[in-house]
Amino acid sequence: MGDLFAAPRGWLESFGEIVKFSSRVLADVANLKVFKYFGETLRQAGILIISSTLVIWGLVFIIGLQCGIEGAYFDQSTGTPAYAGVFAAWCDLRELVPLCFGYMMAAKVGTGIVAEIGSMRISEEIDALEVMGISGITFLCATRLVASMLVLPFVYLCSIGAGFFASYLAVVQQIGDVSSGGYFLIFWEFQNPPDVLFSLIKAMAMAVVIVLVGCYYGYNASGGPVGVGTATAKSMVFNIVSVHLISMLGTQLFWGTNPRAPIGG
Amino acid sequence: MVILTGRTIVSAVTPPYSYGAEFTGQFLFALRLCWFPLLVSTVAFGYEAPGLQAANFLVLFGALDRLGGFFVLASIREFAPFVDAIVLAGVAGTAITADLGARRIREELDALEVLGVDPIKNLVVPRFLALMLVTGLFDIYALLFGVFGGVLATLVNHEPLGPFWATFFNNASTTDLWGSVVKTTLFGAIIAVVCCYKGMTARGGAEGVGRAVNQAVVIAFLAIFAFNYVFTQVLLATHPELTTIVR
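Chains as they are written, first to last, in our numbering: chain A, 1 to 265; chain B, 1001 to 1247.
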């Protein structure tokens, strides 16, 4: 039984370490030290765009299809197929697009950062940086954080678009119980600009946590090639749990007391 | 990966069945690693997505008692399997890739082959079977805690729980349950094959193992989601009685 609780206790400890590490990274961003390395920041942003955006959009596209068919069949069962747009709008914008964005960020970007920085740590490149008088945290972690903040809002907005397009395909083209115009009437009626903003805030909170966690596990990797693999796996555990928690808190905060729907008074 | 799947299945059913001990070990390993993340994730997910949002919608119509019926659709059919698979891929899958990748890098796998021990029979098959079983069983666990999230959402709205359970059990059908368990068992197979393949083909030192884990989890996620879409579509289209909501 003691064995069973060993892992959660370990995570609590590393949670504290991660908060400490993150505050150092955030301090570097806040006192603008990171802009000494603006070139590196732009390079990281470029890498992020080229290597990760398509995968993220792909996953969000599939989940959009999923929301579409679930919504269409659900509304069939209540005898209101014309209202499939409600389900699609809420499912996409409020819940599953942010969540899937978080999953794919954790899988692609988070573990990627751990693998990259971790192998730098193992091959003692970070020590070399510090000998040359460059702070590893600023140069490696803070630049990545700023780069992701530059790029990800736009990636996220596009992925909302991908999710909407996929839901439209599933509901209107594939199942076909509702006309295109009828679908869009309901679909746009049940969302408004603040919803997009809230959804964006949720996703960006996830992205910041994922990048920081990735940097922490990479920066503190030890124990040779095996260590990098283990660190990558550990970062994934932490990220999955935190993505769900952030998503839940965001929903409670933004929509918990106010459904923001055009029904009733 | 397809070749690895084929060889794994053939190797699993042909005697000798020498992988019993390793199978138990892997099963317990996955169980120990996953139970806590899965608990947190499913309660959070059940509370927020189907719980709060659907409750918001139903409260507007004063029909919160229908939330139970919605939970059959949302939690059993869709979200419990899906969160289950994501957590298993992210937690147990990455651990498997890291483990096998490390063995490949340290040339332990080559050593095994030289000794005449078949790595597929002794390493991949037990992981494959253990992950299938664990993912299928964890589906029930995820489902229970997902529904617990729904109960929380009902309580937050100050509604009695009686109508929730009434509509829940009115709508719950055996087809939904076995569909859910079969789906997650197949998810487990996908996760195991992808993660074992990526671990066993890792190369290039320290960065190689990290990159293998990275690719494994990305491919596993994409494969799970794509498979989920096809499976749901087939299940709903072939069992139209599932989509009828009982009052």
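A few of these clues could be false.
[Stated by the list, open to error] Only some residues are given here: those of chain A computed to face chain B with a beta carbon under 8 Å:
hint, residue
1, Leu65
2, Met104
3, Ser222
4, Pro225
5, Thr251
6, Leu253
7, Phe254
Note that these hints are calculated values from the structure, not bench results.
We put the beta carbon where it would ideally sit given N, CA and C, even for glycine.
(request) Could you tell me which of the hints above the structure violates, numbers in ascending order? (result) 3, 6 and 7
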